[in-house]
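Quick mapping for you: the protein sequence lines, in order, are chains A and B. Sequential numbering of the first sequence, starting at 1, is according to the numbering used here. Sequential numbering of the second sequence, starting at 251, is according to the numbering used here.
Mixed in with the good hints there might be a few duds.
DSS-like mimics (lysine-lysine), calculated; alpha carbons at most 25 Å apart, straight line [said to hold, decoys possible]:
| # | chain 1 | residue 1 | chain 2 | residue 2 |
| --- | --- | --- | --- | --- |
| 1 | A | K183 | B | K645 |
| 2 | B | K406 | B | K252 |
| 3 | B | K406 | A | K137 |
| 4 | B | K392 | B | K406 |
| 5 | B | K406 | B | K458 |
| 6 | A | K228 | A | K37 |
| 7 | B | K582 | A | K56 |
| 8 | B | K645 | B | K337 |
| 9 | B | K582 | B | K525 |
| 10 | B | K406 | A | K56 |
| 11 | B | K516 | B | K610 |
| 12 | B | K458 | B | K252 |
The hints are simulated quantities; they were obtained by calculation from the structure and are not laboratory data. Owing to the predicted nature of the structure, the values given are computational and were not obtained by experimental measurement.
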Amino acid sequence: MKLQGQEIDVVRKGSGQPLVLLHGGGGPIASMPFADKLAEKFEIIAPTHPGFAGSKIPDHFNRIDDLVYLYLDLLDELDLNDVILMGFSMGGWTAVELATMNSTRLSKMILVDPVGVKTGGREDRDIADVFALPGEKLAELMFHDTSLAPRPADMPEDQLQIMAANRIALGVYTWDPYMHNPKLPHRLHRIKMPTHFIWGESDGIVTVDYGEKYCKLIDGATMTVIEKAGHSPQMEQPDAFVDAVFKFAG
Amino acid sequence: MKSWWFTEDCYPHLPDESTYRSIRVDLPNEHCDPEVAHDLYNRYLDLWCACDEIGLGIMLNEHHQTATCMVPAAPIMLGILARQTSKSRLLILGNPLPNRNQPVRVAEEMALVDVISKGRVECGFVRSVPYEAAAANILPYKGSERMWEAHDLIMKAWTTHDGPFNFEGKYYHHRQVNIWPRPYQQPHPPVWITMGSAGSAVPVAQHKHVGAVFLAGYPRIRSVYDGYRQAYLDAHGTHAPLDRLAYLGLCYIGENDREAEEGARKLLWYMEANKVPPEWSNPPGYHPPPVSAQVMRGVTGSGVPTNPTLEEQMARGNVFAGTPDQVFEQIKSFWEYSGGFGHMLMMGQAGFLSDADALKSMKLYKSEVEPRLIELAKNADPAELWEKSKAMPIKEGVDLGNFGVEFVR
């Protein structure tokens, strides 16, 4: 669909209460099994952040709030109401920012291993520097079961180039300040809707400890920790993940 | 033809390379002994000062968080050399503009050194290499665009003399720009910019700046230079003079084959030591996705090779080594193939090459190679050279016979 003068890929599937799904730095995930299950109860609306999956980054885009304004427009354009907003990792950050700006179309929020705030001191590395890690180390932090990690050496060229472009887009939106907005904690009081965090127990990019601190910053927010899952519990433990979603929002 | 002598000021006294993952970015500085570094800096400064005596141009650069190049602030070295030399031109190639958050400060630094040196600064601007992204904490996405915006701001700062002007660009904002001092050279010091592709050569040619190419060798030199020459012709209606193009290679000259080979092998430390893993050579946005994908696949790193052989590097046109006669023939061959250039940039010291050996090579170059290169280029017609180069068959992957025998012709 066309938003702000540019073509944005939006996957829509299922029917029911609208669930807007904002993907993380790995790229679109709406075709994964967990999303099929969610589509049995909800209408999933999953935009692709510009720059991901082979799409273009508009010339003036360089921060998370560029995505936030894009998706505020998306909610208006589709005239969505009573929306469950679900964000993963950097998409979780995007969701939180959006909710602090305008939550009138939202009813609930689900945040999956989100980034977006800094919880420690200036010399604490709260969020792993994914751009500075060797591939094998990154895989260890990302996944509980590292056999699920992508293997660039064996990937088809077109997929690998998309993965490379996704990494560039992630850098464009999150480089500095790294993966967080220092002002965001001062705005979280504006979030009044029920908010639930879902966290992979083995996440080494942002740990459960980080998640618990983040959760406390939002009034009344709750959290489910999923065992045997890393930064992408929806991928490593889809059943447990979907259960947690249905329990909170079903 | 002008000749420039260059060293990166390396710190070669490192533990076995199997004990560290990278020589750049995260190699702990516990391996840097300040006493050793003190001696090295002063040795390298002495070599640059020797250029002033011998009559070679001085070239220096900067890198960060690396043992390959201990100069994290080239303008400071330039400032020292401005005082300690009196004749040589001082080429800084260059200021990594996208990684400097205050271009106006760069304009000030260069003007300062230009005035102290009585107008001897040749000011290079570079986009900088991928390993610098982490060290500078700057996303290298659209680095060229950042570089050119900073360039525009610096040029205006150098050439505006009637009080403050305002600059509110896409990347840089500065509301009261009015530098003191103004540059000694009017309207501004000569500007050099490095080029890696035909596309990146276009704006350099449009500005009539000197376009410098590092280690492109036979396989890539013509496409980059042709890009420059065509853009120059399109923009200005005349052929680019030879002095608008520069080439950098490693260069070692000995009195005989054995001496030359020994010296050249020591210079190759520059390539051999460049152990850099993908997380530092492939920051997001430096390379376009197809190149980035190749680095991710592990097919190739970026930048210089780490397992070079001298023979391959000479065949490629990255290294010029031999007796004075041989080196002249090697450079002449490359120069003709490339379509001609007016500046020969030589990396003449690296790794464990001794000062005495470096000096010997510099002096042999000055007395026996440079005069012939000057003669070669003196009456050369750029248009004619370009036509001749186009007619030469594409040369790639040259198989070399014995060292020191007409390798590359």
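Hints versus structure:
Our distance criterion of 25 Å between C-alpha atoms is broken by A:K183 and B:K645, whose separation comes to about 57 Å. Of the pairs offered as hints, the one joining B:K406 and B:K252 is violated, with about 28 Å between alpha carbons and a cut-off of 25 Å exceeded. Of the supplied pair hints, the one linking B:K406 and A:K137 is violated, its CA atoms being roughly 46 Å apart against a limit of 25 Å. For the proposed pair B:K392 and B:K406, the alpha carbon gap of about 22 Å is at most 25 Å, so the pair holds.
Taken as a hint, the B:K406 and B:K458 pair is honoured in the structure, with Cα atoms around 16 Å apart against an allowance of 25 Å. Using a Cα cut-off of 25 Å, the hinted pair A:K228 and A:K37 holds, with the two alpha carbons roughly 20 Å apart. This hinted pair does not check out: B:K582 and A:K56 have alpha carbons roughly 45 Å apart, beyond 25 Å. For a cut-off of 25 Å, the pair hint linking B:K645 to B:K337 is broken: about 39 Å separates their Cα positions.
Among the hinted pairs, B:K582 with B:K525 is inconsistent with the structure: their alpha-carbon atoms are about 32 Å apart, more than 25 Å. At roughly 33 Å between alpha-carbon atoms, B:K406 and A:K56 are farther apart than 25 Å, so this suggested pair is violated. Among the hinted pairs, B:K516 with B:K610 is consistent with the structure: their alpha-carbon atoms are about 14 Å apart, no more than 25 Å. With a C-alpha separation of about 18 Å, the suggested pairing of B:K458 with B:K252 holds against the 25 Å cut-off.
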